[in-house]
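Asks: These protein sequence lines are chains R and Z, in that order.
Position 20 of the first sequence, counting from 1, maps to 20 under the working numbering, and the rest follow consecutively.
Heads up: take any position in the second sequence, counting from 1, add 1000, and you land on the working numbering.
Hints listed in this document are in silico derivations from the structure and should not be mistaken for laboratory results.
Quick caveat: nothing in here was measured; it's all calculated off a predicted structure.
By construction, the Cβ of each residue, glycine as well, lies at the ideal position given by its N, Cα and C atoms.
Careful: at least some of the hints might be erroneous.
Some chain R residues flagged as far from chain Z (calculated, every beta-carbon gap over 12 Å) [to be verified]:
1) 47
2) 91
3) 125
4) 130
5) 235
The calculated label-pair distances, taken between Cβ atoms and stated as ranges, are [as the list claims (entries may be wrong)]:
6) R/97 to Z/1129: 53 to 63 Å
7) R/176 to Z/1110: 37 to 47 Å
8) Z/1104 to R/212: 19 to 29 Å
9) Z/1229 to R/100: 34 to 44 Å
10) R/26 to Z/1169: 43 to 53 Å
11) Z/1023 to R/165: 26 to 36 Å
Protein chains: 2
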Amino acid sequence: MANPTAAMLVIGDEILSGRTRDANMHFLAGELTKHGIRLAEVRIVPDIHDRIVTALNALRDGHDTVFTSGGIGPTHDDITADAVAAAFALPIDVREDARALMADHCARTGRTLNEARLRMARIPEGATLIDNPISAAPGFTLGNVHVMAGVPSVFQAMVASVLPAITGGAPLLSQTLRVDRPEGDVATALGDLAARFPELSIGSYPFQQNGAFGTNVVIRGGDSGRVDAAMGQLCALFGVRT
Amino acid sequence: MANPTAAMLVIGDEILSGRTRDANMHFLAGELTKHGIRLAEVRIVPDIHDRIVTALNALRDGHDTVFTSGGIGPTHDDITADAVAAAFALPIDVREDARALMADHCARTGRTLNEARLRMARIPEGATLIDNPISAAPGFTLGNVHVMAGVPSVFQAMVASVLPAITGGAPLLSQTLRVDRPEGDVATALGDLAARFPELSIGSYPFQQNGAFGTNVVIRGGDSGRVDAAMGQLCALFGVRT
């Protein structure tokens, strides 16, 4: 049984300008792998309505689940919720349940529920809210799309609340062997090994340490018996880790 | 005059599985910004031929320049060069100039120029080689696409050799003001400011420090006079940095 697939859409000029180094993609990738979901594509687009709509529609057609990150704050450049509504051709407005969350948070923190903060209660029709335990402004789920904040602490909390409800597959197992030989010396044997285990992903990652070249070989797959068998052959090939 | 645009295609299962945190995108984003080129989209795809071909063709049609990262090593999972050739419908084979670079490097380092290393001399017809001062295996430029290694030190060296030949635009300037007020308090004023400077990008990035909420406001644009004017109004609004 193939593992379900996911895609991620990162929205934000600050990532593309180099101002901010994205952290959410790497975090989500690790969480999905643990959960048996294969992250199959990531796109990063700027804060431009049409670009968000086009990318989201391409990704949600091609994958079981889509996660978005960024653009759901109170400012003029936070346009993700409206773009998601447009992608689904659904109306969007301030929704009472989201407004209540914001009003409660403002009351507790002594802030004013002004027009800008009310923007964060704009939710497309039919969406389910995603809890934000850190700063209240909710994310939302619409169809197979989970719309989440870009601030890493909030993003991570939202992933934690969304993932348990998503159907995963068998956990994706991985074993790594460090081989102290340059990639070019081990490549042919690795290619033969990969051909003997077509259902596994056998990756090869060169590194350099203290002037010497080495290769990390990563064997990934859903069947622990097959991963073990491939690792056994790999160790026999390179005479290590019995 | 609008700045030229670029896209990036990151190729690699190891990024999507969460094993490796990509560093090349953030590096390239910063370099392009300094060079006056706007990074307009990034896609990350796995080591799957058709996925690379489709993504590359979409990106090279939509942007002035495309940079790829990853998948040009000697192992079975290094399929980028073949995928790029397929995207351009061009033949690919071991090329003498690339073979000579590899042979020279092997002679100097006491390695064998075996079949696996010769894979790295496979270059699509008509491509120009990109120098690899670190491990010899070249990248290449084909049309508006620059194909580069995934190993960060090699990627960075290749960017340094490619960028000077690419036509940039006016440098993209940026000024940042730190405002010690939560985003929801400053959002309306920022929206009004953005409306007065439609040619600038005014971004708002919330942060939390020692329990207090603040907002970094970043003003970006190509015209230093307009960036200064917007920053002046921003400082007047929030009473700082005269």
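Asks: Evaluate each hint against the coordinates.
Replies: Here is what the structure says about each hint:
1. At roughly 8 Å from the closest C-beta of chain Z, the C-beta of residue 47 of chain R falls inside 12 Å, breaking its exclusion from the interface.
2. Residue 91 of chain R, annotated as away from the interface, keeps every beta carbon of chain Z farther than 12 Å; the closest lies near 22 Å.
3. Interface exclusion of residue 125 of chain R from chain Z stands, the closest Cβ pair being 24 Å apart, more than 12 Å.
4. A cut-off of 12 Å between C-beta atoms confirms that residue 130 of chain R is not in contact with chain Z; the least separation is 18 Å.
5. Distance to chain Z confirms residue 235 of chain R as a non-interface residue, since its nearest Cβ pair spans about 18 Å, more than 12 Å.
6. Between residue 97 of chain R and residue 1129 of chain Z, the C-beta spacing of about 59 Å keeps the proposed range 53 to 63 Å intact.
7. Residue 176 of chain R and residue 1110 of chain Z have their C-beta atoms about 27 Å apart, which leaves the hinted 37 to 47 Å range violated.
8. One distance hint, 19 to 29 Å for the beta-carbon pair residue 1104 of chain Z and residue 212 of chain R, holds here, with the actual separation near 21 Å.
9. Remark: the range hint 34 to 44 Å for residue 1229 of chain Z to residue 100 of chain R is upheld by a beta-carbon distance near 41 Å.
10. About 31 Å separates the C-beta atoms of residue 26 of chain R and residue 1169 of chain Z, a value inconsistent with the hinted range of 43 to 53 Å.
11. Take residue 1023 of chain Z and residue 165 of chain R: their Cβ atoms lie about 33 Å apart, and the range 26 to 36 Å holds.
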